[in-house]
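Enquirer: The chain contents come next:
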Amino acid sequence: DTEVTQTPKHLVMGMTNKKSLKCEQHMGHRAMYWYKQKAKKPPELMFVYSYEKLSINESVPSRFSPECPNSSLLNLHLHALQPEDSALYLCASGDRVANYGYTFGSGTRLTVV
Amino acid sequence: RKEVEQDPGPFNVPEGATVAFNCTYSNSASQSFFWYRQDCRKEPKLLMSVYSSGNEDGRFTAQLNRASQYISLLIRDSKLSDSATYLCVVNMWDDKIIFGKGTRLHILP
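One line per chain: the protein sequences are P and W, in this order. Numbered as in the working numbering, the first sequence ends at 113 without a single skipped number. Numbered as in the working numbering, the second sequence ends at 1109 without a single skipped number.
None of these hints come from the bench; they were simulated from the model. Note that the structure is a prediction, hence the values are computed from the model and not measured. Every residue gets a Cβ at the ideal spot worked out from N, C-alpha and C, and that includes glycine. Some hints here could point you the wrong way.
What the hints assert, rightly or not - List of simulated lysine-lysine pairs, BS3-like, C-alpha gap at most 27 Å:
| # | chain 1 | residue 1 | chain 2 | residue 2 |
| --- | --- | --- | --- | --- |
| 1 | P | LYS40 | W | LYS1096 |
| 2 | P | LYS38 | W | LYS1002 |
| 3 | W | LYS1002 | P | LYS40 |
| 4 | W | LYS1045 | W | LYS1096 |
| 5 | P | LYS22 | W | LYS1042 |
| 6 | P | LYS53 | P | LYS18 |
| 7 | P | LYS36 | W | LYS1045 |
| 8 | P | LYS38 | W | LYS1101 |
Stated by the list, open to error - From chain W, some residues computed to sit far from chain P (all C-beta separations above 10 Å):
| # | residue |
| --- | --- |
| 9 | THR1024 |
| 10 | SER1028 |
| 11 | LYS1042 |
| 12 | PHE1060 |
| 13 | ARG1066 |
| 14 | ILE1097 |
As the list claims (entries may be wrong) - Derived, one-sided and incomplete: chain W residues facing chain P with beta-carbon distance under 10 Å:
| # | residue |
| --- | --- |
| 15 | GLN1006 |
| 16 | PHE1034 |
| 17 | GLN1038 |
| 18 | GLU1043 |
| 19 | LEU1047 |
Pulled out of the complex, with its shape left as it was, chain W reads as follows:
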């Protein structure tokens, strides 16, 4: 089983729709979890940290399920500017930070 797994997509979603991504991780001792966004030929940028209690930032909601070892990202009322690759990032232990393969999202006008 890969350390961090994501559906690569692409997800082609009409503007205004809601879209959800999941990510699973293999190490139950993993300590912190993040969603990053990466635009073409740019560096990854932190979108949000993910907590067991769930957290929301505007149109974005992230959730961590430790029992099932997955994290999710929900984007509501999607905008054209949300088109990007969304990377699930897991701090496996101490200093080891691992990226999922990323999920490509295309918002269609």
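Excised from the complex, chain P in its bound form:
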């Protein structure tokens, strides 16, 4: 299995809702990533988990809360988002200091209304 699976593919949520994005990989990768991508911009790093521990938080607002239940799963919990948080949220996985690159999921397209 060489894929990263993200669910849901699309999500519309109100500013008072709580929702979660899910990511799963079965490649045995030890690092998992959340990126946010706005239209015509590159992906921006949000969080990195390495060996199931949060290793990088790029000063992301607390309305985004990551969770890594095990080495294959990565969640992003969303609460009280703003319309400007609407974006494509990408999950990726890779080995630390990988020479073989990082595999991305197809993303969750989030719209906050």
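Knowing the structure of chain P, use the given hints to seat chain W on it.
Expert: Just chain W now, kept in the frame of chain P:
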């Protein structure tokens, strides 16, 4: 200086031509380097890793110059299907993976 810099383009290139992109990075301790391709409304996909010795995959050649802190991508005999955004990706240290802004390529028939 930005961590990873690329010319955003767009590059408008006739089919069959050769096109080259460069990317510079600021952290001399950066450890691994990649070119990704991203099509509109799709996720980035790995095109190739980049090594100091240079590497080639069909029509694509990538090169890393550590002394000057830049990487390059050369596409020969360009095809219409090569039209996409090409993203330079650098593993700055340990787990930090940073994207350049991307270079848009349009191959013209």
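Enquirer: Against this structure, judge whether each hint is valid.
Expert: Taking the hints in turn, this is what the structure says about them:
For the proposed pair P:LYS40 and W:LYS1096, the alpha carbon gap of about 22 Å is at most 27 Å, so the pair holds. A distance of roughly 19 Å separates the Cα atoms of P:LYS38 and W:LYS1002; the hinted pair therefore holds under the 27 Å criterion. Only pairs whose Cα atoms come within 27 Å are accepted, and W:LYS1002 paired with P:LYS40 is accepted, the gap being roughly 18 Å. Between the alpha carbons of W:LYS1045 and W:LYS1096 the distance comes to roughly 18 Å, so the proposed pair stays at or under 27 Å and holds.
Only pairs whose Cα atoms come within 27 Å are accepted, and P:LYS22 paired with W:LYS1042 is accepted, the gap being roughly 18 Å. At most 27 Å may separate the alpha-carbon atoms for a hinted pair to count; P:LYS53 and P:LYS18 meet this at roughly 23 Å. About 16 Å separates the Cα atoms of P:LYS36 and W:LYS1045, which keeps this hinted pair within 27 Å; it holds. For the given pair, P:LYS38 sits about 12 Å from W:LYS1101 by alpha-carbon distance, which is consistent with the 27 Å threshold.
With a minimum CB-CB distance of about 15 Å to chain P, W:THR1024 clears the 10 Å threshold, and the non-interface call stands. Remark: the non-interface label on W:SER1028 is consistent with the geometry, its nearest Cβ contact in chain P lying 16 Å away (cut-off 10 Å). Distance check on W:LYS1042: its Cβ comes as close as 7 Å (rounded) to a Cβ of chain P, failing to clear the 10 Å threshold; non-interface status is violated. Distance check for W:PHE1060 against chain P: the nearest CB is about 14 Å away, which clears 10 Å, and the non-interface claim stands.
Under the 10 Å C-beta cut-off, the non-interface status given to W:ARG1066 relative to chain P holds; the minimum distance is some 15 Å. Non-interface status of W:ILE1097 relative to chain P is broken: a Cβ of that chain comes within 10 Å, the nearest being about 6 Å off. Nearest Cβ of chain P to the Cβ of W:GLN1006: about 9 Å, under the 10 Å cut. The hint holds. For W:PHE1034, the interface hint holds, the least distance from its beta-carbon to any beta-carbon of chain P being 5 Å, beneath 10 Å.
Annotation: W:GLN1038 was flagged as interfacial toward chain P, and the flag holds, the nearest CB pair being 9 Å apart, inside 10 Å. The closest approach between the C-beta of W:GLU1043 and any C-beta of chain P is roughly 4 Å, which is under the 10 Å cut-off, so the hint is satisfied. Taken as an interface hint, W:LEU1047 checks out: its beta carbon lies about 9 Å from the nearest beta carbon of chain P, inside 10 Å.
Checked against the numbered hints above, the structure breaks hints 11, 14 and satisfies the rest.
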